[in-house]
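A.B. asks: Here is how the chains run, residue by residue.
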Amino acid sequence: MNQIKIVRIHNELLGTYGDQGNAEVLEFRAKFHGITANIVDVTYNDDLPTNGDIYLLGGAEDAAQLLSLEALQRGDNLNILHMAIERGAVILAVCAGFQIIGNRFVANGQEVDGLGLLDVTSVPGDKRFVGNIKTTSSVLGFELTGFENHMGRTILGPTAQAFGKVITGHGNGDSKYDGAVSGNIFGTYMHGPILARNPEFADLLLTRATGRKYAQITDPLALKYATWRRKVI
Amino acid sequence: MRLKLSILIAKFAALLSKKILRRSGETIAGRVLLALYPKAITELSKGKKIICVSGTNGKTSTTKALVSIISKLGSVATSPSGSNLERGVAAALMNKSEFAVLEVDELHLSRVIEEAKPKAVLLLNLTRDQLHRMHEVKRVADRWAKSASAAPETLFVGDIDDPFVALALNSAAQAERISFGGNKHKDAAVCPSCGKYLKWVRNNYKCACGLSNSSPDETFESGSAAYRNATMANVVGKFFGAKPIAIDEKSLERSVDQVHKGVNANIRLTKNPASWTEALKSVTGENAVLIVNAREVDGIDTSWLWDISFSGLSGKRVVVCGERALDIAYRLHVEGIEAEITSSFDDAIAKFESGADVHVLAAYTAFHELVNS
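Going down the list, the protein sequences come from chains U and B. FYI, our numbering numbers position 71 of the first sequence as 78, with every residue one higher than the one before it. FYI, our numbering numbers position 245 of the second sequence as 278, with every residue one higher than the one before it.
Just chain B, same shape as in the assembly:
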C-alpha cells in the first residue's frame, strides 16, 4: 500500500480513537501505520533531521526541552505523550517537519536508529529499571554500543559519568562525551566494557581496559539529574546551531503541581531506584504520599524498593497507597518509618488538612493517571 494512503488511514484511526475512546490517538495511529506500511519510519525519516533521546530516566522532560531548543530553528515533529516505542515514533513522523525530536525506549533504540538514521542521539543514563523486561542493564548497554558502532553518520552525545553511556559513546564514530565531574553509579561495580571490577574513586571511575570518565570532550558543573539532562539538550542544540535555553530545574523535573481537595500536591514521577533516590531529595516538606503500582510499565516486581534508602522520610508524615501499598509500607516499616496505609489516592490525600503541602511520589502508571485525569 502507498505510504500516503497508509498515513491517511492511520490518521482516520486516530480520529476515531480520539472521538470515540477519548484517547490521544497517537499509539493507534502509529500501530495502524506500521501495520499497513512496515517501512514507514525509514520512509518518513527521509528529509527530516532527526534527534533521538534515550535513557532510563528523564527521557520525556529532556525531549520536551530539546523540542523547545530546536523549534527556534524550524518546525519540529515530536510525540508529546511520551509514547516511545516504534509506533509512537512512526506517529510522530507522520507530519511534515524539518526536524523530529523523538523519545525512544532503551530497548527499542537500536531499531529506531537503524530505520530513522538520526543526525544525533542523546544518551542520558542507564540504570536498573523494569528488570522483568530489560533483564539486565548490561544487556541494554551492549545493544546501545552495537547500534552506535553501526551508525557512523550519527553523532552520539551523552553523560560519560555513567559507564554504560560511556561504553556506547566509545563505540561511536562521532561522539560528544560530556562529564559533570563524576557521579557514582549504583549499578556499575563491574566494568561494562571488560567485565573486571570497576575501580571507582569517589565519583569517578577508571578501568584498566581504558573505560573512564577522565577525558571528556566537555565538562560542566555537577548538579541534579534535571539540570544535567537539560545541559546535554543544550549541547545537542548547539550542534544544530540553536541557542541554549536557560535551565529551569523545576520545570524540567517530571513533576506537576495540582490541588486535590484543597491539598497542594506536588506530584513527581518515580519508577526505579535511581529516580526514587533523586525524587526523595526533593521531599523537603513534612508530608509525603507514596504511590506504588506494579503493572507492566511500572515493573511487575517490587524487589527494588529494598535498594532505596527512605531514611530521609524519617520523622515526616508518610501515607502510602496504590496496588502495592503493602510492599512499600513493609519496606518502610523495616527501615523504622511507619506509614499510614490507604486504599486510594483520594483516601491518602484526605488524610491531610486543606491547605497542606504534600509531596506525592508516584509510580509510572499512577503519575499518568493523575496528570492526565
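So here's chain U without its partners, still in its complex pose:
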C-alpha cells in the first residue's frame, strides 16, 4: 500500500485546539515511509468516505460537538465507520471527539448517545483540567505528552482498555488513566497536537492502518522536539 487516505472529520467544528495538525503530521511521517497520504476534509454537510484508512476527530466546544455528533449519526455515516473498523481502519479521536465516539456524553447540559465505537461514558466534572499531561502506554511502549483542557470525566466500560497511564495531569478525571483504546480505535484528551508532540505514535497509526512494518524514521528535529517535550512537558 503506497497510498493512504486520511479523513479529517468536521475540522470546522472539531478544530478548536489545533488537532487538525494530526493529519499533517501523519502525511509528513508517511512520506518518509514512501507512502503518499491524501488528506480528505469532511465538513458537516458531507458524507464520510467509505475507503478511509485513518479517521481523525478533534476537540471542540459543546455546541460544535453536538453538531458533529448529529452529522455523524446522519445517513450512512455511522455504518461507514463500523465497516471501516471492521476492515482495520484506524480512528484517532481527541477530547470532544473522544467523547463523541463513546457510548454517552453530556454537552450543553444535555445527555446524549454517542456513536458507541468505544466503550466509554463521559460526564462533566465540577472542575476544568487545564495543563500539560504526560502518560505512558503499554499499547505503545513509550511516553506521550500533550496538553489537556476539558471538564470531562470518562469512565471505561469492560470492552475498552485505558490508553495511557497518567504520570502528570488528569486524563479521564481520576488522574490515573487517559483515554481508551480498543483495537485500532484510540481516544484521548491530549492536544498538542498529540501526533506532533509524539511522532512515534503517528508511525504506529500508519503501521496499524496499512498492516505493514516500516523501518524507523530518521528525522532529527522530530526526535529532538518529542524528547524535549517529554523532559519539560
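For the record, the hints were derived by calculation from the structure and aren't laboratory data. Each hint should be verified, as a subset may be incorrect.
[To be verified] Distance condition first, Cα-Cα at most 27 Å in a straight line; then the derived BS3-like pairs of lysine-lysine:
id: 1; chain 1: B; residue 1: 105; chain 2: B; residue 2: 79
id: 2; chain 1: B; residue 1: 51; chain 2: B; residue 2: 37
id: 3; chain 1: B; residue 1: 179; chain 2: B; residue 2: 219
id: 4; chain 1: B; residue 1: 105; chain 2: U; residue 2: 38
id: 5; chain 1: B; residue 1: 179; chain 2: B; residue 2: 152
id: 6; chain 1: B; residue 1: 152; chain 2: B; residue 2: 276
id: 7; chain 1: U; residue 1: 231; chain 2: B; residue 2: 384
id: 8; chain 1: B; residue 1: 294; chain 2: B; residue 2: 314
id: 9; chain 1: U; residue 1: 12; chain 2: B; residue 2: 219
id: 10; chain 1: U; residue 1: 231; chain 2: U; residue 2: 38
id: 11; chain 1: B; residue 1: 82; chain 2: B; residue 2: 271
id: 12; chain 1: B; residue 1: 349; chain 2: U; residue 2: 231
id: 13; chain 1: B; residue 1: 179; chain 2: B; residue 2: 79
id: 14; chain 1: U; residue 1: 231; chain 2: U; residue 2: 134
id: 15; chain 1: B; residue 1: 179; chain 2: U; residue 2: 134
Fit chain B to the known structure of chain U by using the hints.
C.D. replies: Using the frame of chain U, we list chain B on its own:
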C-alpha cells in the same frame, strides 16, 4: 477609608515602584487602590464620560487611536501601558478628566461595564486566544451578550461581520452595528446565538435564527484589521462629536521599527491564530524572525500554532527563537519550511547581515520585552 486618601496612598506606591523597581507603577497603583477602596472604579467613573474598548486583537492600538480622537474634545484619562484588568482601569481613572478611554480584557469587560457605566463600548472581534484562561470563545461571547443586555444606557459599537460581536450587539438596547462587507471567521462554524450550523456564503453569514451581518447600521469598505479598528474608533468618536482622524494603517498596527546590531527589525505583535494570520500577510521581505513563548499571557499551550498556515514564509529565510522555538520549528518543518533555531533574539538577529530588513513576529511577552527595553 476615604477615596482621596486611598488614591494618595496608591500614587505613593506607584512612585516607590517607579523609583525603586523602575516599573510603570500603574499596576501597583491600581492594585493598592482597589485593595483600599474596592468601589474605586464606580466612584471614580462618576462625572467622567467613559469609553471601553475590548476584543481579542487590536485593543491597545485602537484605544490609542480613540484617545487621539477624543482628546480633541477634552481631557482624556487612559492607561497607556495596556494594563487592561480592573487594576489598570482603576489606575487610569485616578486622575481627573472629562473622558476616559479604557482598554479592557475580554473576560473582565462585564465587571468594568457594571462598575464604570461607560457611555460607549467598542467591541472589535472575538477569536480563539489563551484558551487555558478563556476556555471557550462562546463562553466569552455569552458574557459580553449578558452585560450588553444589562447596560441599556450604554451604546455598543462593533463589527458585526464577527458573529460573536453581533450576538453581543443584538443583546444591547443601543447598538451601532458596523460591517465591512463581510469577513470569514475561522472560529464561527456554529451560530453563537442558537447553536445551529452557521450558514456562510463566502464572507457573509446568515442563520435561520436571525443572526446575520446582512443589515448593518453602517457599511465601510473591507480592509486590514488595523483599518477596520481605526474606522470603528472614528465611529465611536463621531457619537461624541469628534472629527475623524486620517487612518494610517502602519501606525495603527501593533508594530515597532528598531535597529538591532545594524539589522532593521520591524517587530510585530502576534499572539493567536487570527493575529498571526494577519501579521504573516505583512511579511513581504525575505527575512523573518519568529519568537514563540508560552507564558501565562502568551497562552501556556502552543497547539494553536497548527491552525495557522505559514506557507507564505516558504522560500524566505526564517529564524526562530523564544522559549518555544522548537514548537514553532517543528510546526514549520511539517509544513516544509526549515527554520534556523537559535536560543535568543540576539542570536537570531546575528544571523542576518548589517543593513538587512527583517520582519520580527513576536509573542506577547517577547514583544513587550523588546519594545520596553
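A.B. asks: Now tell me, hint by hint, if it's right for this structure.
C.D. replies: Right, here's what the structure says about each hint:
1. B/105 <-> B/79: 21 Å, holds
2. B/51 <-> B/37: 21 Å, holds
3. B/179 <-> B/219: 23 Å, holds
4. B/105 <-> U/38: 61 Å, violated
5. B/179 <-> B/152: 17 Å, holds
6. B/152 <-> B/276: OK: residue 152 of chain B and residue 276 of chain B at ~18 Å, within 27 Å.
7. U/231 <-> B/384: Answer holds: residue 231 of chain U to residue 384 of chain B is near 22 Å, not above 27 Å.
8. B/294 <-> B/314: The given pair, whose Cα atoms are some 26 Å apart, holds under the 27 Å limit.
9. U/12 <-> B/219: 25 Å, holds
10. U/231 <-> U/38: Holds, at about 19 Å.
11. B/82 <-> B/271: 14 Å, holds
12. B/349 <-> U/231: The given pair, whose Cα atoms are some 24 Å apart, holds under the 27 Å limit.
13. B/179 <-> B/79: 23 Å, holds
14. U/231 <-> U/134: Measuring from Cα to Cα gives roughly 34 Å; hence the hint is violated.
15. B/179 <-> U/134: Holds, at about 23 Å.
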